[in-house]
Structures are given as C-alpha cells and as structure tokens.
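*Asks:* Here are the chains, one letter per residue:
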Amino acid sequence: MTGAFARVPELAAQHLLLAMAALALGIAIAVPLGFWSAHRPAAARVALGFASLVQTIPSLALLALFYPVLLWIGGVPALGFLPSLLALTLYALLPILRNVVTGLQGLNPAVIEAADGIGMTRWQKRRLVEAPLVLPVVMAGIRTAAVWTIGAATLSTTVGQPSLGDLIFAGLQTQSWPLVLAGCIAAAALALAVDALLGLAEHGLRTRRRWLAWVALGIIAAATFAASAPLWRSGGSDRVVVGAKNFSEQYILARLIGDRLRAAGYEVEYRDGLGSAVAFGAVASGAIDVYVDYAGTIWTNQMERTDVPARPAQVRAIADWTKRTHDVSLLGTLGFENAYAFAMREGEANRLGIATLDDLAARSPQLRLGSDLEFLERPEWAAVRRAYPMRFAEATPYSPTFMYRALASGRADVISAFSSDGRIAADKLRVLADPKQAIPGYDAILLVAPKRADDARFTGALRPLLGAISVENMREANYMVDRDSDKATPEAAADWLAQRIGR
Amino acid sequence: MPAETPGPSVAFHGITKRFREGPPAVADVSLEIAGGCFVALVGTSGSGKSTLLKTINRLVQPTAGHVSIDGEDVTARPLPQLRRGIGYVFQNVGLFPHLTIAENIALPLRIAGDAVGDRVGAMLDLVELPRDIAGRLPAALSGGQRQRIGVARALVANPRLMLMDEPFGALDPVTRDSLGGAVHALHARLGLTTIMVTHDMAEALLLADRVLVMRAGRIVADETPDALLAGAGGDAAQALVAIPRGQAERLAQVKAAR
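Line by line, the protein sequences give chains A and B. According to full-length UniProt numbering, the first sequence holds residues 1 to 503 in order. According to full-length UniProt numbering, the second sequence holds residues 1 to 258 in order.
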C-alpha cells in the first residue's frame, strides 16, 4: 500500500494546481457575469441556462470535447493543462454564477433604497453594499465549485494532464486496487481540505473576522503556489516526458523506456492513460517526448489506410508518413506485435467448430462479442466486417481487464483480444485465424517527438530496445501485472523485462 | 448650526407619474414649498404621496413635469451629488446590516470623500442615543433605535432638506411619539425644510406647519393644521381629520364616565 502512495505528492500537486487555476478562472468569469446579469432577467436566464447545460454534459465528455475544439483553433496545445483547465472552468461556473445571481436578487430592497438614497454611485453600491452582503452566499457557491472541480480533475488524465486520476485509471486498468484507493483517498482529502479552508474563510466573513478569511485563503494560495514549483524549475532540456496509453503493456513499456532515459541522465516524467488518438497528437506537439504505438493503429486511424501490406513495408510507409506530415520520428520496432486477435474459450471454440474468422462469421448471430472500449468504433472492426460479414447477437465494450472476465464468465463468447496479452496463454484461449488478412500488422513502434530526433543521447538510450522484446517476454511481463493474484507493479514488470533483454 | 438661513424651497411643476397601467399615481401636481417649512403629505395607501416625495430625490422619475430645489432643476446635477445634499429617511430604515452603527452613520461622509472626525458621536448625541452603541451592529438594536440611527445617517452630511417617507410607520406608539417630537425639534433647531409622508393625520397635525392631502394622485387639500381643525380643506381632508378627532372625543367620554 505504501508503494501506491509513492506518486501521490507529485500528482496531488499537479491536481491542486489545475483545480485551483480552474476555480480562479471560474470565479473571475462568474462573479462579474453574475453582477452584470443579476438585474437583467433575460441575461441571467441565458447565463444560468448555459451553465446548467454544461453541467448536464458528463465531465469526461466535456474534457474530451476540448481536444478537437483546440485542435481546430490551432496554435495552442490541444492536450494537457489547457483543455483540462477550460473544461474544469466551465464546470466551476454554475454554482458560483447561481449564487451570485440569487444572492443579489435576494438582497433586502430597503438596503438598496438606502444606498441609492444617500447618494452612492453605482460602483460604490457594488463595492460597499452589494459585494459584502452577497459575499457569504458567493463563498458557499465557490466551495461547491471547488469540490466539484477537484473531483472532476481526476478525469484530466485522459487528455494527458497528470492528476490523481493517473493512479485511479492505472489502478483500474491493472486491477491494482491499492492504486485506485490511493488516488481516491488523496483526491477526497484534497477536496475536503480545500473545502474546510474555504469554509473557514466563509465563517470569518460571516462573523466579521476578516483576518480569519485572509489566513484561510492565504493557506490555499500558498499551497497552490508551492504546487506550481515544478513549473518554474529550470533545466527544461534534460526533462523528458514518456507517454503511455491506458493498458498494462503501455505502462510497462513506458517504465522500461523511462528507466533507460534516467540511466542516460534525464529527469523523467510520465503521462499515463492517454487515449489512442490523443497519444499521437501529444508526441507530434511535443507534449510527450516518446511513446510506444502500434503500426496498425497509425495505419488505420491516422493514415486512414484500409489495405494490408506486408509488415516491414507497412512500418517503412508509416515512418515516411509520420516524418513527412508531423515530423515525428519512428525509431524502429520493438520486436513484438500486439494485434487485434479474436479469441474464444478453447472448449467453446471446439464445440462450435470455430477456428477462423470465417467460421466465426457463420456462427455470429448466436454469439455475443465483448470488445475493448474503442474497438467497435475503429476502422479495423469495419475492415473485419467487410472481409467476414458478421452480425453478433450482442456487442458490449469493456475495459480490457473486464473484457477477459466477461469471456471467462460466459457473458461474452468471443472477445477482441490483443495478441501480446499474457492472458491468452494463461486462460487457454483460442486465437482465431485471419485467412483473408483483414487485420493489418501491429508491430510495436517507438515514436519520438520532433525536438528529440537529433538528440543523440536520447535516441542512443532507446536504440538497444529495438528488436529486443519478443512476444513471449512481453506476454509474460503483461501477465505479471494483469493476473489476479501475486500482481507485480508495472515498474517491477519493467525491471523483469529489462533483465530479459539483457542489453 | 446655521439656523439663521432656512432650508431650500421645493417646487413641483406639473408632475405626473404613470406606472405601466391604470390611472396615474401622480396627476399633474404643481405647488411650491417655502424654505424652512415642515410639510406633511397625508393620504391613504395608494394616494400617490410616496411617489410624489420620491420625485424630489429622483428615486422616481416623473413621466411629465419637473421638480426644482431653490429654483434649480433636480436633473441639473449628477444624481449622487443631488442625493448627498438631501436627507432621506424611510419606513424600513435600510441600515446596512454588515456595518456597525458608527460605519452606517459615517457612510454618507465616506462616499462623498468628506472627513468623519467626531461627526458620529455628535449625531448620536443629536438623536439622543448613547455614544457606546457605535460599535454594535444594526441587528442588536430595537426598532426605535434603528430609526434614530436612520435619522442620524440622513443628517450627518448637513443636508438642508429632509425627506421622510412614513418614518415612524413601523414603530410602537410610545417610540413614535417621542421620535416625532425629536425630529420636529431637529427640524426647528437646524432650520431644515422637511417634507414628511404619513398616513396618520394626527401625526401630521401635531408636527407640520402645512398639511397637503392627496387622493388618487392629486392634491385635494393644502391647509395649515389650525385651518384643518377648524373644518377647512373639503370632504377628503375632513374625513381624515375626523379619525383622530373622533378618537379624542371618545377618550374624553371615557374619562367623563369614570
């Protein structure tokens, strides 16, 4: 359990910085907007309606939506801090705006008449009467916004912004419950601490003890400032960021890469849990320096190709394309393939006489498909269906771990497994053959950001990994992390893999 | 206090105020109030008396006509400057609940950028409240004390004109009586022009030099208290005078019967 908490301070700092920046921006927008619209009923309805609408969008989707929006705008980072900040700011608006508007509308009319009667200017009325009287109500709204923002910030992991969500997502993927617990406990503690301090500030304002409010807000400001310390640390060129998508193999390979870079004298950070589309964008923009992707993924998603060439030719074509269009270097292949592979329980496959995708297509109306979260939306699935017309009785997406569980428990009859997955051998699954070659090759490839292409120390540290990882070794390392008992951490599996490589 | 120079005169010139629908709240009122006068505006609810009063400090904007103070149109100056020269006291007082008594009283000076000095203490003396309540919050005061603070706040910037809108309406009879007396004394001592809206004819007759009776937005009587008591002013005014007179007569009968 103590190991699970090792990354908490670093991630909690990033988490706090993000949430407080979003909260501050939310206050800066909602408070003036609230004052402006409080006495304009139509404007107040529109503003509150918009803020309520934002709340109905699931926060995960809200974060994801900013990625294409920022890409479309161009010239700003579409990943990491900025999209997280914008989404969380929108999320923070409603409670603050609502409390400013209702607070102002609920002010005793006699007090406003007195303010007018003694000859206050509009600005004096705002500053001396309205602001201090609505402050406690607004403070309550800010507390709500703070708790919401800190909670939702865990989801920023998915758009490449480190947060306590890193622990939760990694823990969920590898079924490492101590990690999930560590992330949840830390996020909850952060929310409770900020809420308690804001509550203290509110109490201070209500009871006319302004110093109390200043002390409480000062602690929050100081903590946020301290959390931003990594940002103003100098020496940018020796800091590298290793990216990873959201499954065990990626976590292990990221640690393997990170360890080698650290040995070469770099300071290493990780961006875990990136979505497929997000990861390539991140390396192209330089938000991450290096990560492992799979040939078929780039081939179908980024290049939008549907043909299936021989694997070496495919990798060469990809290297050309990434260099030409995004200045991303393909350093080489790692040696194993992680292809989409349809897998069934051995006994079930024998009983139904299914050995190939052709056989599967014939039986599909009686079968249920379990897939990973993205497969049903991916071009590979479309390609498979073009080659082997199949129509399942039911198709359900699962996170990878639960997908294998669904197959084992009989809730799914066939799954979209991964060929490097240790559970294929461990669970005695049958991988169905692809006689028409509908699924392209999925060689693991190292992609390097434009600014690292000419960094000889960097590429030199990574070259020994090329062609060094056999699919057997990768499966075993994956299984160490994925199995249900005696689980290893991705770090431990990476150490084991490094010894196997022996370079 | 410069009692030798009386407060300003106030003149209404064809004031009409219409709200969205229905008959006008104030219908073509023209009259002049001499400087230093204590005028009571009396009428039943909805007669337009408060609306007429508020056209002076422009809390109400007339639909037609204009108001002048000492011959100068009230729209000639910036609004805050106009209002800072007029004391305004109203039924709900409107003390600022987040400020202490001292801060409430001093606020008109602060917003005008004037020095506060010992004005808070002097104003508390003037409205006959102990100086040691200065540090308390309005919530800790009784209704009568709060209205005294309202008067102190209205007078702290030395206005020469005081507008009062049902100032004693929410007070118990004892407080009402003593505060009415205190306000009248202040009016005389400071040489103010005072215009007070009230629905209580007895209060008007006891405090004012001149009583204006309003009904349905119009002035229906404009008399001195003596003339009203002598039966002048017409039916509407006499109907209002009849109430305190009837009460007084009944009290006399009760006393005689013992």
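Treat each hint with caution, since some may be false.
As the list claims (entries may be wrong) - So, partial list: chain B residues that the calculated Cβ filter (under 10 Å) puts toward chain A:
id, residue
1, ALA76
2, PRO78
3, ARG160
Stated by the list, open to error - Computed list of chain B residues with no C-beta within reach of chain A, every gap over 12 Å:
id, residue
4, ALA11
5, ALA34
6, CYS37
7, LEU59
8, GLY71
9, GLY85
10, ILE86
11, GLY94
12, LEU99
13, PRO108
14, ALA112
15, ALA154
16, ASP165
17, ARG210
18, GLU249
19, ALA257
Bear in mind the hints are in silico, worked out from the structure with no lab data behind them. Virtual Cβ for every residue (Gly too), placed ideally from N, Cα, C.
*Asks:* Now look at each hint and say whether the structure bears it out.
*Replies:* To see whether the hints hold, each was checked on the structure:
Annotation: interface hint on ALA76/B violated; nearest CB of chain A at approximately 15 Å, more than 10 Å. Interface hint at PRO78/B: satisfied, since its Cβ lies 9 Å from the closest Cβ of chain A, which is below the 10 Å cut-off. Evaluation of the ARG160/B hint against chain A yields a violated restraint, the C-beta minimum of about 14 Å exceeding 10 Å. No beta-carbon of chain A comes within 12 Å of the beta-carbon of ALA11/B; the shortest separation is about 21 Å.
The claim that ALA34/B lies off the interface holds: its Cβ sits roughly 24 Å from the closest Cβ of chain A, which is beyond the 12 Å cut-off. With a closest Cβ-Cβ approach of about 21 Å to chain A, CYS37/B is found to remain outside the 12 Å limit, as its non-interface label requires. Distance to chain A contradicts LEU59/B as a non-interface residue, since its nearest Cβ pair spans about 6 Å, not more than 12 Å. With a minimum CB-CB distance of about 21 Å to chain A, GLY71/B clears the 12 Å threshold, and the non-interface call stands.
With a least beta-carbon separation of about 8 Å from chain A, GLY85/B fails to lie farther than 12 Å from that chain, contradicting its non-interface assignment. A beta-carbon of chain A comes within 12 Å of the beta-carbon of ILE86/B; the shortest separation is about 8 Å. Interface exclusion of GLY94/B from chain A breaks down, the closest Cβ pair being 3 Å apart, not more than 12 Å. The beta carbon of LEU99/B is not kept farther than 12 Å from every beta carbon of chain A, the shortest such distance being approximately 8 Å.
PRO108/B, annotated as away from the interface, has a beta carbon of chain A within 12 Å; the closest lies near 5 Å. Not every C-beta of chain A lies more than 12 Å from that of ALA112/B, the closest at about 7 Å, which undercuts listing it as non-interface. Residue-level check failed: ALA154/B sits 8 Å from the nearest beta carbon of chain A, not beyond 12 Å. With a cut of 12 Å on Cβ distances, ASP165/B falls inside the contact zone with chain A, its closest approach being about 9 Å.
At roughly 24 Å, the least C-beta separation between ARG210/B and chain A is larger than 12 Å, which holds for a residue marked as non-interface. Remark: the non-interface label on GLU249/B is consistent with the geometry, its nearest Cβ contact in chain A lying 38 Å away (cut-off 12 Å). Residue-level check passed: ALA257/B sits 44 Å from the nearest beta carbon of chain A, beyond 12 Å.
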